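Asks: Residue numbers (my numbering), protein chains in the order written: chain X, 1 to 113; chain A, 1 to 113.
I should point out that these hints are in silico values taken from the structure, not numbers from a laboratory. These numbers come from a predicted model, not from an experiment. Using N, Cα and C, we set each Cβ at its ideal position, and we do this for glycine too. One or more hints might be untrue.
[Claimed, not checked] Some but not every residue of chain X turned toward chain A, in silico, with C-beta under 7 Å:
hint, residue
1, D38
2, G42
3, I60
4, P61
5, G63
6, Y64
7, S87
8, L102
9, F104
10, G107
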Amino acid sequence: EAAVTQSPRNKVAVTGGKVTLSCNQTNNHNNMYWYRQDTGHGLRLIHYSYGAGSTEKGDIPDGYKASRPSQENFSLILELATPSQTSVYFCASGDAWGPGQLYFGEGSKLTVL
Amino acid sequence: SQWGEENLQALSIQEGEDVTMNCSYKTYTTVVHWYRQDSGRGPALIILIRSNEREKRSGRLRATLDTSSQSSSLSITAAQCEDTAVYFCATPHQQGTGSKLSFGKGAKLTVSP
């Protein structure tokens, strides 16, 4: 059974609209992450969290907000979506300790028109 | 960027051939992760190598790590069609924050019958 679940899996949004991508994990991991994946760039870190109530900026946070209301849930929020945010977004969870293996969801494909 | 430009690769081989993918990084690390991503799926860890191991094997996979040259490699012996995927190396973003990973751009491997 999938331990990291993302929704929606596919989303079409209009420029200027608000988009919320949700992630749920059943691994009981403290840490959660949002990455985006674009051709030629690999995976780039947007926001991450060390636990409920905490959010930290990653390498490319501009235009994104994050929310971690509980251990299990981590959301990525685009308040004013732009076409440049068209991408595939991946959520991941990981232990707070150890070498840092990440467990990824299946991805959310976002198209902003 | 943490990564050398050679980290973006596209490789096409025949079944039964051996292949090696290389990864160079700029910031010292004592651990390198290798992830595999199948089409339409999230990345999944396939091998993790620490600096005190220099070489690690898992089935037909072999990873090496050379901290002096800040490089790692992943080799697949007798590749099969099911090895077709994108392969990423990743290192901890900063020492001491083991779960915050920085990913290379990936190597797209295609194995043909």
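Asks: Now, for every hint given, state plainly whether the structure supports it.
Replies: Cross-check of the supplied hints:
1. D38: 10 Å, violated
2. G42: 4 Å, holds
3. I60: 12 Å, violated
4. P61: 14 Å, violated
5. G63: With Cβ-Cβ at 20 Å, over 7 Å, it is violated.
6. Y64: 17 Å, violated
7. S87: 14 Å, violated
8. L102: Because about 6 Å separates X/L102 from the closest Cβ in chain A, which is inside the 7 Å limit, the hint holds.
9. F104: 3 Å, holds
10. G107: 6 Å, holds
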